[in-house]
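Participant: What follows is the residue order along each chain.
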Amino acid sequence: MSEIIKLNNAAPAADNVDSRKVRTVRSRGVRDLLTFLMVMGPGLIVMEADNDAGAVSTYTQAGAQYGVHLLWLLLLLLPICYFIQEMVARLGIATGKGHAAMIYQRFGKWWGRFSLFDLLLVNFLTLVTEFAAISMALSQLGVSPYLSVPIAAVALISLVTTGSYLRWERMVIALCLFDTLWFVLAVVVHPTWADVAVNTLLPTIPKGGITFDLIFLVIAIVGTTIAPWQLFFQQSCVADKRLRFADLKWARLDTFIGACFTILVAGAMMLVGDAMLRHGVSYTDPAQMAAALGPIYGRLVRDGVLIMMVNAAVLGTTAISLSSAWAWGEVQGWNHSLHKPVREAKGFYAVYALCVLLAAAVVLIPKAPLQLIILGVQVLAGVILPSAVIFLQLLLNDHELLGNEFVNKRWNNVINWTIIVVLFALSLVLALQVTIPSLFPSSGN
Amino acid sequence: MNAEPVFRVIHPLDDVAEQKRSLDNLGHIKMTQSVKTSLILLRSYLILMMLLVGYQFLSLAGLVHFGK
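As you go down the protein sequences, you meet chains A and B in turn. Counting from 1, position 37 in the first sequence corresponds to residue 24 in the numbering used here; the numbering is continuous, with no gaps. Counting from 1, position 22 in the second sequence corresponds to residue 25 in the numbering used here; the numbering is continuous, with no gaps.
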């Protein structure tokens, strides 16, 4: 009796694949679940890696300053994260190419170079902050930075040089899932759950009213939640994983789950920060927060926060360095895939290793101007994000490139242009605040 | 009698590469009104940002002071 065979994808030549690699199932549900598990990865990783060291600092600070009052903002950012990254996934699946290569090809060398160098610079500066967090957290755990930083750098390089995309992806997904420890920490610090529920669902203004400090923290949260490297990373990652047209709906689900997970983790970070406010302890940075909360909640919270800082920095570093290496490799026309062993993609791996090693080296320089670097990250991220999103929006309306199947629908465009206008306005305010702070009186003054 | 369906699941990395939307013969994007307007706005925004950065340099060098 002949069987009706249905594939999980639309590949016309799927019969040519190695039969040992084909799984046969008899239920549509099992097929869908298996396919999703196979496609899952880029969306979850890009979202969770965005909860990097800078994000830990921003979200815990928001909690320490304003308690649970800004939780609603995270809920508002959830669809924004999703809509932007969904476009990137769609573009990657439709073209099989990375974002940097596409900007070069469709907008010319000037815009291509501008986007690439801006990306590389802001990524590098962000990497320095990631290593600074590793150094700070492990110092509190009694490990010298001269030991922790080089070991972290070597481990991060080893993570990608296995010659297997899947091996890298599985290890990074495990690191992403390790972030669930933030939920445990949030529960251990005993927030008032009724307040959490109310402030998540209803936008409320903190006690001091709308101050410039509050506005800048809101901008910092938006800037932390949507970062420029994410656009480049996910498109290249989707292309490297060779996702097929039929995988688009699963890639969307992956992105959506990733967005929900990252927002929940960010919320948990705010709740941990909120414990500082409730105990009347002033906040300086996440490492100081860990030290302050240790005597109140025990070693689990102290060590947990420090370890999660390291995890956040490691996740951020691998994703950000890869976005640089993929972008540079695409534009240079080099082999730029994690499937390739080092000998076949020397340039690609060299860029990754160089990013990691240089950033690690900067952190080990005594009296390195870390505060200046953090300011640089804020300004550059403010410059590159709106421009990167504009190119994304134009590419997603490029009928010549994508045909009618993959271009934005009208409702996509309405949502995206709204997001772009808001991002431009926020970036401008942030840039003005950083460059001409006297324009904005601080509420503390 | 209907045969029981069988579904085959293949990992994207093990599957045959599919033909993607090709960029090879496309060249640069068509300069429609919306593309032109977006790029002009982006240029203006970048020029403004550069001016702010320039101001910051001058300010750090002690050459200008705003509102003081």
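In case anyone wonders, no lab produced these hints; they're calculated from the structure. Careful: at least some of the hints might be erroneous.
Rough simulated footprint, nothing fancy, chain A against chain B, three-plus residues with beta-carbon under 8 Å [said to hold, decoys possible]: (1) 14 to 23; (2) 31 to 40; (3) 50 to 59.
Example chain B residues on the side facing chain A (calculated, C-beta under 7 Å, incomplete) [to be verified]: (4) 9; (5) 10; (6) 43; (7) 66.
All C-beta atoms, glycine included, are put in the ideal place defined by N, C-alpha and C.
Participant: It remains to establish, for every hint, whether it holds in the given structure.
Facilitator: Cross-check of the supplied hints:
A count of 9 residues in the segment 14 to 23 of chain B with a Cβ less than 8 Å from any Cβ of chain A is obtained; the coverage claim is therefore met, three being the minimum. Judged by the Cβ-Cβ criterion of 8 Å, the segment 31 to 40 of chain B is covered by chain A as claimed, because 5 of its residues qualify and three suffice. Here the segment 50 to 59 of chain B counts 6 residues with a CB under 8 Å from a CB of chain A, which clears the bar of 3, and the coverage holds. About 5 Å separates the beta-carbon of residue 9 of chain B from the nearest beta-carbon of chain A, less than 7 Å, and the hint is met.
Against a cut-off of 7 Å between C-beta atoms, the interface hint on residue 10 of chain B holds, since the closest Cβ of chain A lies about 4 Å away. Hint on residue 43 of chain B is violated. Least Cβ distance to chain A is approximately 11 Å, over the 7 Å limit. Contact between residue 66 of chain B and chain A, as hinted, is not supported at the beta carbon level, the nearest pair being about 14 Å apart and thus beyond 7 Å.
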